[in-house]
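Peer 1: Now for the letters of each chain:
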Amino acid sequence: MQQTSEPRLRARTFTCMGTVISLTVSADAHKAPQAAADELEAATAVVERLFTELDSIFSLYRPDSEASRLVRGELALPEASGEMRARYEEAAEWRLLTEGAFTPERPDGALDLSGIVKGHAIREAGMSLLALGMANWCLNAGGDVLVGGSPNPGTDVPWRAGIVDPADRRTLLAGFPLGGAAPCSPVGKTADGGTRVALATSGSAERGDHIWSVTAGTAEFRQVSVAAVDVVTADVLATAIVAGGVPMLNRATAMWDIEALAVRANGELLATGGFRR
Amino acid sequence: MRIRAAVSAALASAGILLVGWQSGVHVADTRSAVAAAATGNQASGAGTTDSSGTASSGSAASSGTTDSSGTAGASGGAGAAGAAAKAGGTYDGDVVQTRFGTVQVQITVKAGQITDVTALKLTDAEGRSVQISNYAAPILRSEVLQAQSADVQTVGGATVTSDAYLTSLQAALDAANL
Amino acid sequence: MNTQLLPSPGTGTPMRPDRRPAPVRETGRFAGQHRGRLVRADALPVTAWSSLAASVALWLADGGLTAASSPAGLVTALGIVAGLAGMDLVLLMLLLAARIPFIDGAVGHDRALEFHRKLGKPSLYLLLAHGLLIAVGYGMAEGLDPVSEAVALWVLVPDMWLAFISLALFIAVVVTSLVAVRRRFPYEFWYAVHLLTYAAVLTSLPHQFSVGGLFAAGTWQRWYWLVICIATGAALLYYRIILPVRATFRHQLTVERVTSVAPGVVNIEMSGLQLGSLAGNGGRFFIWRFLAPGLWWHPHPFSLSAEPVRTGPDGQGRLRVTVRGLGRGSAQLLRLRRGTRVAIEGPYGLFSSAARSKDRVVMIGAGIGITPLRALLETTPFDPGRATVLLRGHSSQELYLGEEILELCRQRGATLFHLTGGRDPGSPDSWLPAAEHLAGYALADYVPEIAHADVYVCGPSRWAGNVLNAARAAGVDEDQLHHERFDW
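Protein chains in written order, with this note's numbering: chain A, 6 to 282; chain B, 94 to 271; chain C, 829 to 1316.
Here chain A stands alone, though its shape is the one from the complex:
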């Protein structure tokens, strides 16, 4: 793969949900540059609107959001919007599946669906992009990644994602191929032949106490990355493993078709086969 044949990538970013969302597309060589640019602008607008709408419902930083009203007790869950109830149901199901390692509630009992909303937003955005007819793209929302197709349109070349080193955010700890058909790299393949297109990473020391540790105490893992065929699964399990420690890691790798890379508090690594060289 020479640098000269590397296709031109175009990216757009916007800020939402307290983080930055980047949409990168690989420009099709057969398309006029201006048409491609317009297409990217339109797609970014769609994705941004989707994120903004979800944020307006679920943000706990906006006092007027539905989630804030729920937390303040002004609204009961049965009266909440269908969107809110659907996300709650999804989160509650994950809580059961993860035996409580993932939970939609803060330790004080307040409802907090932010653990699932970002993944959901990425999932919806991915579906919108496919609906727009876009085949080759990479969506990165605050470090959680979902890709479509290949960075090199018309080929099976996977997107190459790097995972930052939690000890030094300017360097990469590991890489992982996402999407593409990855014919020569079977690790990107799932057991049933699907392709892992999502990579989510959770940390124990970011954005305050975003992840509640089940084992009350200092988290066993500093950072956990999970690659899966579906971004919500990747996101939820990464969160759950940070909260649930090694037992949850073992449970997750046994029950779901995922690859995982976990960084212990002391910097040591645990990884599934897909993360090995």
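In short, the hints are calculated from the structure, not lab data. Quantities reported herein were computed from a predicted structural model and do not represent experimental measurements. Do not take every clue at face value.
Computed beta-carbon distance windows for the label pairs [claimed, not checked]: (1) A:114 to C:1013: 40 to 46 Å; (2) A:135 to B:269: 24 to 30 Å; (3) A:68 to C:1006: 51 to 57 Å; (4) A:65 to B:269: 33 to 39 Å; (5) B:271 to A:135: 22 to 28 Å; (6) A:101 to C:860: 56 to 62 Å; (7) B:242 to A:50: 25 to 31 Å; (8) B:268 to A:83: 43 to 49 Å.
All residues carry an ideal CB built from backbone N, CA and C; glycine is no exception.
Following the hints, complete the assembly by docking chains B and C onto the known chain A.
Peer 2: Below, chains B and C without anything else, positioned relative to chain A:
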């Protein structure tokens, strides 16, 4: 006669409970071995520990192929690996019945250190054992898939705030592609 | 003459027993049968306790103890064990009520039902504890209060809503079965509610196999549990439905005639086919359903009051029960029409020769309880002079079938006493008429060798209790006492 019934009932119940408990202890042992391996140091990777340490992590790795609620019974693994550790070569472990199916473990030993643990035989029970070989094991940094910031197209990491984004690798990538 | 009929009452003369100590020589012909029955009777509690232990061992063998290391895990583990033990008790209850010949022949129908009742509350408590502990344990693990956890389980976990319904049904069944509540409802209502047990068990099954990790597909524990559940269901189906239906079609019973024995007491004679197979069950009871409008759904437990009589070449014959019109349903029986078809289940119970352990036999009956003794007297083996029959009633009219019994005693060489007259109001513990009681007679005066005899007692429960106590006082071993409860 009542006494005969009471004594027989007590003996039978105690016997059954004892058998259950014994087989449960067996499960418990291997399960804690799994935990030990998972929480242990990077013995198998680093190869800095002595042969007994390596052996125990080998046994653990072979039984660590199940999730926390599962069972595995690679009790023979430790002994096999212990012997293997001295000799070097490739060794097949015991065939072990787990609730996920039948598992046999192959251990590769080089210079007294376990360098690889592979599941040889996986019998599919309700499709669950397919994933049995997928587990997270201790690994050295040099052993993970490497990536240089120059040749990745996106960067994943624990939730990056908008402020942190400005100095992040992802920001540099995005800037390059604007 | 071994038959001894003392002057009829009304003369005021107490019946004088003849004190004749008899030498005790056992032929031992019932010893083997007796030992076998005791072994079977002992095997039942051993099996029951073993099954309970096995249900816990299933969990232990799965490494259950390791899961109980955290507080939440401990609560959940206790919940799982309670559920396993509770379900095991429920299965035992069903087996006890399944009228399995092995159980019936070892301890008798009424004792089996007594154990069945005794298990009711423990199993409910265990199942309640199961639900509560699981909700609390899961809730602790997920940081939820038990109520939210229960709601989440109901909504999110497949088959759990059925489990909730099952628990509600179990509560309903046990509450209605509690004696206090039972008395306020007619028997039929209680019976209908009891049928809900089957619904409760069936609705509890799915979650055991789909949610319980212990019974995950491919585990031997799943097979064990499946086998005991299916075996219990098969036993119920076979012994409570298939066998009775088969017996009903086989014997084709119809009411032949209803004749009056005494005021309010009738003989119901029935004719049918292949009655030979029902012979030899003197004293055991059958459950009869007279298939007439308004009567067909009401089961009546009656003993045969006479051995089947053969009337035709192909096993055609006649049999008879003697009934007193006490209950609502029984009163209607007095007006049964000829030709009414009869469904039959049985025979059940241990009030028969199968319970014999000694050569000597004593039969003591009062009121309508005399009638099963009549059939027992007809068939149970004894040598002349080794049987005594004591009949108790307010008047000689209440000694139902007294003439027939006298004739049988003459034929077979049994000693017969008629004990008639009112009770002594000052001695509620006495089973004798006032005159005999005041004269100082005791059971051993009528049957000096009673300590070496099987004693069959049938009558009103209070009176029967007094007789049993008198027999115990006379040195009769508990294994020799045979008592049929008719007030269930």
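Peer 1: Run every hint past the structure and note whether it holds.
Peer 2: Right, here's what the structure says about each hint:
| no. | hint | in the structure |
| --- | --- | --- |
| 1 | A:114 to C:1013: 40 to 46 Å | holds, 45 Å |
| 2 | A:135 to B:269: 24 to 30 Å | holds, 26 Å |
| 3 | A:68 to C:1006: 51 to 57 Å | holds, 56 Å |
| 4 | A:65 to B:269: 33 to 39 Å | holds, 34 Å |
| 5 | B:271 to A:135: 22 to 28 Å | holds, 24 Å |
| 6 | A:101 to C:860: 56 to 62 Å | holds, 60 Å |
| 7 | B:242 to A:50: 25 to 31 Å | holds, 29 Å |
| 8 | B:268 to A:83: 43 to 49 Å | holds, 47 Å |
This entry satisfies every hint, going by the numbered hints stated previously.
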